[in-house]
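Enquirer: Join these two chains into a complex; the hints should help.
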Amino acid sequence: MNEHKPNADQPKYINPYLGGVLLGLLVLTTVYITGRGLGASGAIKSTVVTTAKVFTPDQAKSNAYMSRFISDDHSPMYTWLVFESLGIFIGGLLSGILFGRVKKLRVDRGPNITNKKRLWFALAGGMLFGIGSQFGRGCTSGAALSGSATFALGGVIVMFAIFGTGYVAAYFFRKLWI
Amino acid sequence: MGPLIPNGIIGGDWDFVIAILLGIAFGFILESSGFSSSRNITGVFYGYNFVVLRVFFTAVIVAMVGMLYFDYFGWLDLSRIFILPTYLTPMIVGGVIMGVGFILGGFCPGTSFTAIAIGKLDGIVFTIGLFLGIFVFSEAFPLFAGFYNSGFIGNVTLTDVTGIPASWFAMAFTVVALAAFWGTMFIEKRVRKNITEYKF
Chain U
0 MNEHKPNADQ PKYINPYLGG VLLGLLVLTT VYITGRGLGA SGAIKSTVVT
50 TAKVFTPDQA KSNAYMSRFI SDDHSPMYTW LVFESLGIFI GGLLSGILFG
100 RVKKLRVDRG PNITNKKRLW FALAGGMLFG IGSQFGRGCT SGAALSGSAT
150 FALGGVIVMF AIFGTGYVAA YFFRKLWI
Chain D
0 MGPLIPNGII GGDWDFVIAI LLGIAFGFIL ESSGFSSSRN ITGVFYGYNF
50 VVLRVFFTAV IVAMVGMLYF DYFGWLDLSR IFILPTYLTP MIVGGVIMGV
100 GFILGGFCPG TSFTAIAIGK LDGIVFTIGL FLGIFVFSEA FPLFAGFYNS
150 GFIGNVTLTD VTGIPASWFA MAFTVVALAA FWGTMFIEKR VRKNITEYKF
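Protein sequences appear in the order of chains U and D. Residues 0 to 177 in numbering that gives the first Met the number 0 are what the first sequence lists, from first letter to last. Residues 0 to 199 in numbering that gives the first Met the number 0 are what the second sequence lists, from first letter to last.
Chain D extracted, bound-state conformation (with noise of 0.2 Å):
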């Protein structure tokens, strides 16, 4: 029963070799969507290509109902698992930060490596500015570790926090994200009309 690593199935002298595999799918499936494009993914921001929504929310929904139902058969023990820890405020913050990274860069950490493994100099001199952001947070890390330590919840599931049960959240997801779906069809191809072709 799951997870095979921390309930001692496989070795933990695997754990590379799988972090290597894994991350070979990961950025495989990554650059075969599009994402080693800085442009392919801002176009979810102007309307021009909602690729990133479409990969993002399809990818959401399926691991959140996969890991219902490998729980429902037992496979996976879900109180076993890795809960991210909710810090309520540095949190909200830190994603504001990364949303205007996100427009000014065209990236995403994980996408940037793809950009640099097919020639894309953005993508390189991202990576470097990810570099550089995370040396100077750790060298100010002093000035605001009260804040960064604030407003921590636990490692909470939504469940935790609401009483409702994750398959209802799974559910609603799926709901807004078919929406969605349908509704930036539309969208996409009116902004599409409207705008100077791109190349890749």
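This is chain U alone, in the form it adopts within the complex (with noise of 0.2 Å):
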């Protein structure tokens, strides 16, 4: 089984270095043109807020986080990293439409785990990722990708602790990817 290449029916992906000389360029892009970088993990933010805005106002308004993000004159989903975070899903559509990708819903997991583990996994992680977005003030993209490239001291800082930290636990979550 492992006579022949492996991985030698994988979709046509991009160079990877093409991939990162466009993704440079356009943080690049971005700040030139906003004076700010990319984003994603906000967007989530805006709509946990939004959701608890909905639901319970009252809440929502003396909550001591939430509360930042609530101004009167407009919904927290009016704000630039949601409408990021849209084009950032139509974007990937198009591509996915581009390259034959987009398919019925599906599992991507480790040889040796069940799907079941696997989504469970993903919403551990999930989670993690959002509470930790918080106190790094940003995720791989706002923080880690722009902050770093802009020459921010935080954004280097989140960059290494990020993938640091990945490179130790990998060790002792091998079993869900290998």
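A couple of the hints might just be wrong.
Said to hold, decoys possible - Distance condition first, Cα-Cα at most 35 Å in a straight line; then the derived DSBU-like pairs of lysine-lysine:
1. U:103 x D:188
2. D:192 x U:174
3. D:192 x U:116
4. U:103 x D:192
5. U:60 x D:192
6. U:115 x D:188
7. D:192 x U:11
8. U:174 x D:188
9. U:60 x D:188
10. U:115 x U:102
In case anyone wonders, no lab produced these hints; they're calculated from the structure.
Expert: Written as structure tokens, this is what we have:
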């Protein structure tokens, strides 16, 4: 089974260095136009605040964290990162259609775990990423990528913390992926 | 001279149109590089696929060097751009939590959006997790509000803290990245020989 080249039938991805150059130019363009970088976790934060504001308006306003993002003149959804994240979804869909990767619902997982286990860990991982991104003032896009690209000390710290920890944690959770 | 919107060269009304367009480009690049698959992403931690390292490091180098040239040519006023604030300990802790989340979940927020776009159930569940995580954080916020705001150094760059010019950091980063590109090529080849084939 391992005789022939692994991943021989992999779908067409663009050359990673080309992808990197394009992504770097995109960060540069974004900073050139808007004065700040890209992001992603901020959009989920806006969604959380909006949900709380719709269902429990008083509690949302009295919450010490959420109240920072509530303003009387517009909805928390009316922020730059929400529109940008909508774009991420559309762009992903366009690329998926172009390269033939849009298919019915399926799960990616390591070879030695069940789909169910994969999904529980995806949920746990998402929760941790959500919590961590609040302390980190951004996630891989906002803090690590855009932060480092603008030479921000915090960006470089978050980048090393994420990837450094990733390598340590990878050992303990290797059964999930290999 | 940039940045265009803060300097009033492009009107603020265009903000959200530009946000969607830049987002589309971002999503397209992430998906077409293979980041809509958690197995591609986690490969960087197990040595069977270094696409994350290649794309991420290349992007940082290109953006860093680009900033310096834009500044040099007078196209972009670096003193007018947003510098991420540094809260030392909270950001280290946040990064560590995200690192564990990265391994457990196999995505980061931006990549999970593109995974949803092509029909990955694990991407959807990860994003639900993000939502729950931020909700839990907000609810529990009073417990660690002090810690959250601790260690504030300011909106500082590497140069502000060390006095070393930004171009040196760009240079150092480029050298390290090139070495990593070269070294991981061999690691990837070796590891791929020994792992079970995977489909995307």
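Enquirer: Run every hint past the structure and note whether it holds.
Expert: Against the structure, the hints come out as follows:
Under the criterion of a C-alpha separation no larger than 35 Å, the hint pairing residue 103 of chain U with residue 188 of chain D is consistent with the structure, at around 32 Å. With a C-alpha separation of about 18 Å, the suggested pair residue 192 of chain D and residue 174 of chain U falls inside the 35 Å cut-off, and the hint holds. Distance hint between residue 192 of chain D and residue 116 of chain U is fulfilled; the C-alpha atoms sit about 27 Å from each other, no more than 35 Å. With a C-alpha separation of about 31 Å, the suggested pair residue 103 of chain U and residue 192 of chain D falls inside the 35 Å cut-off, and the hint holds.
Straight-line distance between C-alpha atoms of residue 60 of chain U and residue 192 of chain D comes to about 56 Å, which puts the hinted pair past the 35 Å bound. Taking the CA atoms of residue 115 of chain U and residue 188 of chain D, the gap is near 31 Å; set against the 35 Å cutoff, the hint holds. Using a Cα cut-off of 35 Å, the hinted pair residue 192 of chain D and residue 11 of chain U holds, with the two alpha carbons roughly 21 Å apart. This hinted pair checks out: residue 174 of chain U and residue 188 of chain D have alpha carbons roughly 21 Å apart, not beyond 35 Å.
With a CA separation close to 54 Å, the supplied pair residue 60 of chain U and residue 188 of chain D exceeds the 35 Å bound. Proposed proximity of residue 115 of chain U and residue 102 of chain U is supported: the alpha carbons are some 20 Å apart, at most 35 Å.
Violation of the numbered hints given earlier is confined to hints 5 and 9; the remaining hints are satisfied by the structure.
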